[in-house]
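Engineer: Chains as they are written, first to last, in this note's numbering: chain A, 1 to 386; chain B, 387 to 772.
What the hints contain is simulated information worked out from the structure, not anything from laboratory work. Ideal Cβ positions, reconstructed from N, Cα and C, are used throughout, including at glycine. Hints are all accurate, no fakes.
Ranges of calculated distance between the beta carbons of each label pair, as one might list FRET restraints:
(1) A503(B) <-> E313(A): 18 to 24 Å
(2) A724(B) <-> A76(A): 35 to 41 Å
(3) G468(B) <-> E342(A): 41 to 47 Å
(4) T315(A) <-> A730(B): 56 to 62 Å
(5) A730(B) <-> A76(A): 26 to 32 Å
(6) A117(A) <-> G450(B): 48 to 54 Å
(7) D609(B) <-> E230(A): 48 to 54 Å
(8) A370(A) <-> G493(B): 20 to 26 Å
(9) E300(A) <-> G468(B): 40 to 46 Å
(10) L467(B) <-> E124(A): 48 to 54 Å
(11) T315(A) <-> A503(B): 16 to 22 Å
(12) S539(B) <-> E313(A): 30 to 36 Å
2 protein chains.
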Amino acid sequence: MSSLSPRLEKFVAGRPDTPVVAIDLDIVEERYLALAAALPGVSLFYAVKANPAPEILSLLRSLGCRFDVASSGEVALCRDLGAEGHEISFGNTIKHRDAVAAAHELGIARFSVDCSAELDKIHEAAPGSLVSARISCDGAGASWPLSGKFGCSPSDAVELLIRAADLGHRLGVSFHVGSQQLRTGAWDVALIEVAAMADDLARRGLVFDEVNLGGGFPASLGDGAPAIDEYGAAIMSAVEHRIGGLDARLAAEPGRYLVADAGALVSEVLLVSQRSVGDSTRWVYLDVGVFTGLVEAIGEAVRYPITCDRSSEDTLPSILAGPTCDSLDVIYEQHPVALPAELAEGDRLVFAGTGAYTTTYSAVAFNGFAPLRQVVLSDPASSSGS
Amino acid sequence: MSSLSPRLEKFVAGRPDTPVVAIDLDIVEERYLALAAALPGVSLFYAVKANPAPEILSLLRSLGCRFDVASSGEVALCRDLGAEGHEISFGNTIKHRDAVAAAHELGIARFSVDCSAELDKIHEAAPGSLVSARISCDGAGASWPLSGKFGCSPSDAVELLIRAADLGHRLGVSFHVGSQQLRTGAWDVALIEVAAMADDLARRGLVFDEVNLGGGFPASLGDGAPAIDEYGAAIMSAVEHRIGGLDARLAAEPGRYLVADAGALVSEVLLVSQRSVGDSTRWVYLDVGVFTGLVEAIGEAVRYPITCDRSSEDTLPSILAGPTCDSLDVIYEQHPVALPAELAEGDRLVFAGTGAYTTTYSAVAFNGFAPLRQVVLSDPASSSGS
Numbered sequence: 001m002s003s004l005s006p007r008l009e010k011f012v013a014g015r016p017d018t019p020v021v022a023i024d025l026d027i028v029e030e031r032y033l034a035l036a037a038a039l040p041g042v043s044l045f046y047a048v049k050a051n052p053a054p055e056i057l058s059l060l061r062s063l064g065c066r067f068d069v070a071s072s073g074e075v076a077l078c079r080d081l082g083a084e085g086h087e088i089s090f091g092n093t094i095k096h097r098d099a100v101a102a103a104h105e106l107g108i109a110r111f112s113v114d115c116s117a118e119l120d121k122i123h124e125a126a127p128g129s130l131v132s133a134r135i136s137c138d139g140a141g142a143s144w145p146l147s148g149k150f151g152c153s154p155s156d157a158v159e160l161l162i163r164a165a166d167l168g169h170r171l172g173v174s175f176h177v178g179s180q181q182l183r184t185g186a187w188d189v190a191l192i193e194v195a196a197m198a199d200d201l202a203r204r205g206l207v208f209d210e211v212n213l214g215g216g217f218p219a220s221l222g223d224g225a226p227a228i229d230e231y232g233a234a235i236m237s238a239v240e241h242r243i244g245g246l247d248a249r250l251a252a253e254p255g256r257y258l259v260a261d262a263g264a265l266v267s268e269v270l271l272v273s274q275r276s277v278g279d280s281t282r283w284v285y286l287d288v289g290v291f292t293g294l295v296e297a298i299g300e301a302v303r304y305p306i307t308c309d310r311s312s313e314d315t316l317p318s319i320l321a322g323p324t325c326d327s328l329d330v331i332y333e334q335h336p337v338a339l340p341a342e343l344a345e346g347d348r349l350v351f352a353g354t355g356a357y358t359t360t361y362s363a364v365a366f367n368g369f370a371p372l373r374q375v376v377l378s379d380p381a382s383s384s385g386s
Numbered sequence: 387m388s389s390l391s392p393r394l395e396k397f398v399a400g401r402p403d404t405p406v407v408a409i410d411l412d413i414v415e416e417r418y419l420a421l422a423a424a425l426p427g428v429s430l431f432y433a434v435k436a437n438p439a440p441e442i443l444s445l446l447r448s449l450g451c452r453f454d455v456a457s458s459g460e461v462a463l464c465r466d467l468g469a470e471g472h473e474i475s476f477g478n479t480i481k482h483r484d485a486v487a488a489a490h491e492l493g494i495a496r497f498s499v500d501c502s503a504e505l506d507k508i509h510e511a512a513p514g515s516l517v518s519a520r521i522s523c524d525g526a527g528a529s530w531p532l533s534g535k536f537g538c539s540p541s542d543a544v545e546l547l548i549r550a551a552d553l554g555h556r557l558g559v560s561f562h563v564g565s566q567q568l569r570t571g572a573w574d575v576a577l578i579e580v581a582a583m584a585d586d587l588a589r590r591g592l593v594f595d596e597v598n599l600g601g602g603f604p605a606s607l608g609d610g611a612p613a614i615d616e617y618g619a620a621i622m623s624a625v626e627h628r629i630g631g632l633d634a635r636l637a638a639e640p641g642r643y644l645v646a647d648a649g650a651l652v653s654e655v656l657l658v659s660q661r662s663v664g665d666s667t668r669w670v671y672l673d674v675g676v677f678t679g680l681v682e683a684i685g686e687a688v689r690y691p692i693t694c695d696r697s698s699e700d701t702l703p704s705i706l707a708g709p710t711c712d713s714l715d716v717i718y719e720q721h722p723v724a725l726p727a728e729l730a731e732g733d734r735l736v737f738a739g740t741g742a743y744t745t746t747y748s749a750v751a752f753n754g755f756a757p758l759r760q761v762v763l764s765d766p767a768s769s770s771g772s
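Looking at chain A on its own, in the form it has when it is part of the complex (with noise of 0.2 Å):
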């Protein structure tokens, strides 16, 4: 029923006060050699913001990855580290010029723009640094598509990119395809720009130094996600086809791949709970929600596989909610888990890939309640919080 590791089946055997989450180092590592084979030749970036634990960026500095921030804040946990300046990327297309002046003093040299005002910002604070132009992509096959926010149009970020050469950057473009994206394919999409945009540059006599393919590479969510390689041969026979006479670096930023399966979550049920006579389907409150770490599961966005450590022949659909009083803290409503018809308070049950964009997403201290625990996993005798 469960596809955790010994390791975290050990974890949550061993009944850890809840709710919290594990980390398992090995799948990281694992997660991290099974994608950079896949892309051979492609400089890994890995995505902060997916999970900042200092044991997780370590133990990825220490096989060659490098890292992609969102803010001031995450390069400081890179500097911590001992990251220098090329072995990060600014990824952000929004960025306090402050966090751009700064980045620019440590030696980073990469930045995304996505607009002239952000070029601007970047020329004025991070002088002949690489620009890489974020295009839109329309997000579809993903779970949590990123389109709207970011991103401008392959003409537009040509223009931006001949401003960009005049003030004396180096170029590069990058896409997004969306997180936990399911179409292999949708790089061949996005690639299919680029090799255009590169053609409009040439016949201004410009190149890119850099093609950024982003991320979107998913974790085991059970939502019938192809396996990496599968994905890595798509991309690469996609670099190839479209881009392949371009004298490019080639870069990617996965975050979920390689931290979200390494995590499972354990969590308590407080109350399970059968309002009317008549209520086909049960009301079970944990002690964790979408204010504690489960916010991907706002709008049902991202459906974590879920076990329960009662086994049972009989079970009912349940609807799952966090035990804040606000509304919003539903897990799953709209798709109810079949949990075991005998569930009682005291249960636990533990959410599956859940290493990616939870602890750090965990509100401060709303309705009262702590902020999600983590605990990193790794040689059998130790164990840290953070």
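Starting from the known structure of chain A, arrange chain B on it as the hints suggest.
Structural biologist: Positioned in the frame of chain A, the structure of chain B alone reads:
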């Protein structure tokens, strides 16, 4: 253009580091006194979750206010001020058994329930306490409805209460008409149900010790909410008309009304983006967003009054978004905000009505951004961060 108090205006004019929310304690006091006057004879329990700043709790306690709590964390905050058990009501219908037992130990003797399993828990962990059955309201007219997750039908509530009486509990009833409720008649609808329940109970020789009118009293969000004395008149008239014959104490749980208008959130423009030549609407990116305090903007449920430090005759419709790499971090897109045509990086926007449900909702460190900072302003000489 702005309706901030002089103290908040002065704070904003001092160009504090952003993002920050400032609280004017005098407004909290003024609101408490206005509500107490509008609801004579009603015991007020402040919903601590709205803003648990110790300065706010301390001020309200000095005025005679009591506390409605959602968790053992909030119990601890009240106890830190020296609040006694009788000053605290545990209004969350979802409680950890250990939290109930600890509350009982401290003399807390008011607990809300909406299902049989929670009644059993209260009976076992807090015998002899007052059990308040929460009935569901439809939430119509509210900006942030609370139905679905909470409350049972009046007939199920009567069954619960009959069993609670058998188990030796005193009886109460509670309801919540929905946060930021704009219809003063909403309480009357609920009290019709309460009156029918009282009749049912009376036929079994049982009475309500307490009727809890909940919350829902609105902040001044420019949405046409009536004045507080109109709420008071409508509610007290409904009380007289529907349950005037009962010998029950009255209680209410104001949250947003007491603190929202006391708060002003100051943010800075990071980027003004006209991404396409043809764009009729700009994207304006701020250093605050739905993960750093403005979570009630999700779905554009709460629309805060916004002012800008740049004045202009020409305005442009502007989509507002936060600084993170998350597409959910958009503040207002369906309802763009009219902002000066010349708006630029470094300009400041002030969100009024942000004293409630902002700080504690803020994420711990999403994308590496710090949680929303709060400053509490009281007499002119002093201010303190929390």
